[in-house]
Amino acid sequence: MNAQRFRKTFNDLLSDNRWLRIILAIATVTTLIAVSGLLSKDQRIVLQPVTLTDNAWVESNSSSESYKTAWGAFLAMLMGNLTPNSLDFVKERLEPLLAPEIYNQTMTAFESQAQDLRDNRVSMRFEIKSVDFERATGKVFVHGYRYATASSSDKPQRSERTYEYKIRVREYTPQVFDINTYPGKPKTQRVLRLEQQREG
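Residue numbers (the working numbering): 1222 to 1421.
Don't read these hints as lab results, they were simulated from the structure. Please note that the accuracy of each hint is not assured.
Computed spacing ranges between beta-carbons, pair by pair [to be verified]:
1) Y1324 to P1404: 18 to 28 Å
2) Q1417 to E1332: 32 to 42 Å
3) E1392 to I1254: 26 to 36 Å
4) Y1324 to I1247: 52 to 62 Å
5) Y1324 to Y1403: 16 to 26 Å
6) T1251 to L1415: 46 to 56 Å
7) N1276 to N1302: 26 to 36 Å
8) T1370 to I1349: 13 to 23 Å
Straight-line alpha carbon distances no greater than 30 Å define the calculated DSSO-like cross-link-like pairs of lysine-lysine that follow [said to hold, decoys possible]:
9) K1376 to K1406
10) K1350 to K1408
11) K1312 to K1408
12) K1387 to K1350
13) K1312 to K1387
14) K1406 to K1350
15) K1406 to K1387
16) K1350 to K1376
17) K1312 to K1376
18) K1387 to K1408
19) K1350 to K1312
20) K1406 to K1312
For clarity, every value in this text was computed on a predicted model and none was experimentally measured. C-beta atoms are modelled at their ideal positions from N, C-alpha and C, and glycine is treated no differently.
Work the whole structure out from these sequences, hints included.
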């Protein structure tokens, strides 16, 4: 009687042991899958600088819209507020942010404008009115008013201006690969379509 009970208990123990091995194997496989998934995933850094009202995030090769609009606003303020004395400072801040494909062209245009500002002793100030991100094109539009003051004039000349940027992220660093500036309001896809319809 005791031997029969012992055999039954022993067989139950062996059966439980098999099930525990299967469960342990499944747990090991799922742990390995989870660990490999975590290791291959980009680290996301969440930011909330003073200039942002919403959280912004940046990964090694992507970022949130709010991150790009914050950089767009910074770039417009940098490029729109120029005096003959601040040109070297602005150039130093702008150079590392430019993508290789636009670097030479942008620096040539900047040097030309800088020389004109120095020669004519002109100061420019930019006042932001709006910053928008267009998801379809990936463009950041910074719209506002530019005030230009010549050394011989006390009254600044005001003009409506838009700075347009395309910004990508490379190794957690913002990189500007398209810059456009023009008078007037932002030329969004909707505005360009309406202009084409009027012309056609």
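Each hint, compared with the structure:
1. Judged by the Cβ atoms, the range 18 to 28 Å given for Y1324 and P1404 holds: they are separated by roughly 25 Å.
2. Roughly 35 Å separates the CB atoms of Q1417 and E1332, a value that falls within the hinted 32 to 42 Å.
3. Checking the proposed 26 to 36 Å range against E1392 and I1254 shows it holds: the Cβ atoms sit about 27 Å from each other.
4. At about 54 Å, the CB distance of Y1324 to I1247 agrees with the hint of 52 to 62 Å.
5. For Y1324 paired with Y1403, a C-beta distance near 21 Å keeps the hint of 16 to 26 Å intact.
6. Separated by about 55 Å at the C-beta atoms, T1251 and L1415 satisfy the suggested range of 46 to 56 Å.
7. Under the hint 26 to 36 Å, the C-beta atoms of N1276 and N1302, about 27 Å apart, fit the expected range.
8. Between T1370 and I1349 the beta carbons are some 18 Å apart, a value that agrees with the proposed interval 13 to 23 Å.
9. Among the hinted pairs, K1376 with K1406 is consistent with the structure: their alpha-carbon atoms are about 23 Å apart, no more than 30 Å.
10. Under the criterion of a C-alpha separation no larger than 30 Å, the hint pairing K1350 with K1408 is consistent with the structure, at around 15 Å.
11. Taking the CA atoms of K1312 and K1408, the gap is about 26 Å. The hint holds against a cut of 30 Å.
12. A hinted pair counts as satisfied when its Cα atoms are at most 30 Å apart, and K1387 with K1350 qualifies at roughly 19 Å.
13. Distance restraint check for K1312 and K1387: the Cα-Cα separation of roughly 19 Å lies within the 30 Å cut-off, and the hinted pair is therefore satisfied.
14. The hinted pair formed by K1406 and K1350 meets the criterion: a straight-line CA distance of about 11 Å does not exceed 30 Å.
15. At roughly 17 Å between alpha-carbon atoms, K1406 and K1387 fall within 30 Å of each other, so this suggested pair holds.
16. With a CA separation close to 21 Å, the supplied pair K1350 and K1376 stays within the 30 Å bound.
17. Of the pairs offered as hints, the one joining K1312 and K1376 holds, with about 27 Å between alpha carbons and a cut-off of 30 Å not exceeded.
18. Pair hint K1387 plus K1408 holds up; C-alpha atoms about 13 Å apart against a cutoff of 30 Å.
19. A threshold of 30 Å between alpha carbons decides the hint, and for K1350 with K1312 the separation of about 24 Å falls inside it, so the pair holds.
20. Among the hinted pairs, K1406 with K1312 is consistent with the structure: their alpha-carbon atoms are about 26 Å apart, no more than 30 Å.
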